[in-house]
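Sequence order for the protein chains is A and B.
All residue numbers for the first sequence refer to my numbering, where the first residue is 1 and numbers rise by one.
All residue numbers for the second sequence refer to my numbering, where the first residue is 1 and numbers rise by one.
Simulated from the structure, these hints should not be mistaken for lab results.
For each residue, glycine too, the CB sits at the ideal point set by N, CA and C.
Some hints here could point you the wrong way.
Every beta carbon over 12 Å from chain B, so not counted as near; a handful from chain A, in silico [to be verified]:
id	residue
1	74
2	196
3	222
4	224
Quick list of simulated restraints, FRET-style, between CB atoms [what the hints assert, rightly or not]:
id	chain 1	residue 1	chain 2	residue 2	range
5	A	266	B	22	53 to 61 Å
6	B	55	A	75	49 to 57 Å
7	B	9	A	51	51 to 59 Å
8	A	96	B	22	17 to 25 Å
9	B	229	A	164	21 to 29 Å
10	A	285	B	56	53 to 61 Å
11	B	35	A	155	21 to 29 Å
12	B	100	A	159	37 to 45 Å
13	B	177	A	117	55 to 63 Å
14	A	195	B	35	45 to 53 Å
15	B	69	A	51	36 to 44 Å
16	B	229	A	199	52 to 60 Å
17	A	171	B	77	43 to 51 Å
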Amino acid sequence: MSLLQNMKGGRSRPSFPSSIVARIFGQATPGAGSPAILFLLMVPGLVIVAAFFLIPMALVAMRVADGPDGLATYFVILTNERYFASLVQTLVMSAGVTLCALILCGICGLFLVRNRFFGRNMITALLTLPLSFPGTVVGFMVIMLAGRQGAIGAMTDAVFGDKLVFAYNISGLFIGYLYFSIPRVILAVMASAEKLDPQLEEAARSLGAPTWRVVKDVILPGLMPGLISSGAICFATAMGAFGTAFTLATDIDVLPMVIYTEFTRNANVAVAAALSIALGAMTWAVLAAVRFFVGNSADLSPRGGA
Amino acid sequence: MRRDWKFYSQLGLTTLLCLFIMVPVVMSALAGVTVNVFKGLSSGLTLRWIFEVWDLYAASIMLSLGIAMACLLVTLVVGVPLAYVLVRRPGRLTRLFEELLTLPVAIPGLALALALLITYGGVGGYRTSWLFILTGHVLFTLPFMVRSVAAVMSAMNMKTLEEGAASLGAGFWRRFFTVIVPNAKPGILAGALMVVTLSIGEFNLTWMLHTPLTKTLPVGLADAYASMRLEIGSAYTLIFFVLIVPLLIAMQTLADTKKRAPKRDDTLEDSL
């Protein structure tokens, strides 16, 4: 059937392996190249994914089992106190960043879509500027803001006579991830807010609903898909990001830093591999769950690499 | 809309958020051209630090641009045909492949770099060349190119276009290069901007993959932040901004024109 269609669809001749290919790849839409050509077009991509992703990942998984503890190394993230503490810290911080970014950007994104005023486009452009700053630069921005020569320090010094410096520990990291997340969430919120129907709100109001109920029952459900998918990206980025922590201080105990030190300083390849598999599985699971429930291409909005 | 206290409190919060984003950017840009940051702007403006950064890090900046271009080339040659197949053959296996393809974006760069190091760390010539970094960048950016192109391809009426071309006697390759690729141009352009921007800024993977002889721009940045004076780090950041901001503006403009175009699918916007 698909062979017939392909013969009709184009001048391309079906060749011997095409029937197998057709069986594997399902029905072609009419007018496309023959299965053999389509397969040929995929070959470079298949080779890259297999050679540089699948095989390396399989080797990493095997390397874990080679460690002194064998397969138990996989559970080291739960059994070792230090790793577990760092996992909890990373999870709590990522969740906190996500929540903060969602609340702040939810309010501001909705405001920017609903109101027209002088400087609005300018503000939108500025808010989305750090969209693909690498993590190192975000770290440097935090130092500029809250470091020893930072703006906040200078301000508190002038007002209270005491320099407030918090860039070089986990609160600096928190600020950094917030900085990194704002552009993404703002864009997502604004995209969903533009699709909201203001008439629904009018209707709710005219039926006597107070503002908080309009927000809870009309606005939030409309924004939810955008909030969830951009929140998932925030969370996943904060879990796996490394550059910001690296710029601020190397002794911040978040999971990516722990992996890095295990690998480079302690040459503990098995544990580093087990931890990165655990980390990768967690971030992937969050993104996959969101895509499953919201049906959005959540994992592909620009993540850059904080 | 009436402008009451609610309007002004929201405006205040938005302005605060804007300051949060912009203050450090402006501060670091100024610090990069200030004679002495500890004395402040009164010490005068200078381009000295910019030149010093150029002397120290020109090689890594050029390497980054080179890798970004190579990465763009590879993702174009590999990604555009891939997107075509994924759109044209929506089956279970292609979906599985798409999932595999996007996994390197979902899992942390550190883990990916570790896997590459464990597998190819022993291959001397490859490990120490810039191709090793390119590999990481291609893995990380390819999904963006594929998604961006695929979004445009599924929005355009490819079936009619291709059937029309085929009925006029155009063979597959001719259809591909004269009908499909030109029609997918907005997606290709958006994907290309994305790939270059991401490649220039990539740090997570690159930090693990680089060698002393293959330092890219962000690796040099980390180095400057850690071991140089504040002015040099700032000047280097300024150079980075000058490189990256035009790309970001181009991306935004492209997304905006798309939004204004009367009939286009939303999926493209989502992938931007």
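If you check the beta carbons of residue 229/B and residue 164/A, does the distance land in 21 to 29 Å? holds (23 Å)
A cut-off of 12 Å on Cβ-Cβ distance, and residue 222/A was said to be off the interface with chain B. Does that hold? holds (15 Å)
With respect to the beta-carbon atoms only, verify the hint that residue 266/A and residue 22/B lie 53 to 61 Å apart. The hint (53 to 61 Å, Cβ to Cβ) is violated, given that residue 266/A and residue 22/B are roughly 41 Å apart.
Can the suggested window of 49 to 57 Å be confirmed for the beta-carbon pair residue 55/B and residue 75/A? Holds: the Cβ-Cβ distance is about 51 Å, inside 49 to 57 Å.
Regarding residue 177/B and residue 117/A, is the given constraint of 55 to 63 Å on their beta-carbon distance met? violated (48 Å)
Kindly confirm whether 52 to 60 Å is satisfied by the beta carbon distance between residue 229/B and residue 199/A. holds (58 Å)
Is the hinted range of 36 to 44 Å satisfied by the C-beta distance from residue 69/B to residue 51/A? violated (22 Å)
Range hint 51 to 59 Å (beta carbons of residue 9/B and residue 51/A) holds or violated: holds (55 Å)
Whether the CB-CB distance between residue 285/A and residue 56/B falls inside 53 to 61 Å: Distance hint for residue 285/A, residue 56/B is violated at roughly 43 Å.
Mind verifying the non-interface call on residue 74/A? Its CB should be farther than 12 Å from each CB in chain B. holds (14 Å)
Do the Cβ positions of residue 96/A and residue 22/B conform to the proposed distance bound of 17 to 25 Å? holds (23 Å)
Determine whether the Cβ-Cβ distance between residue 195/A and residue 35/B falls within the hinted range of 45 to 53 Å. Holds - the Cβ-Cβ distance for residue 195/A and residue 35/B, about 51 Å, lies within 45 to 53 Å.
Checked against the numbered hints above, the structure breaks hints 5, 10, 12, 13, 15 and satisfies the rest.
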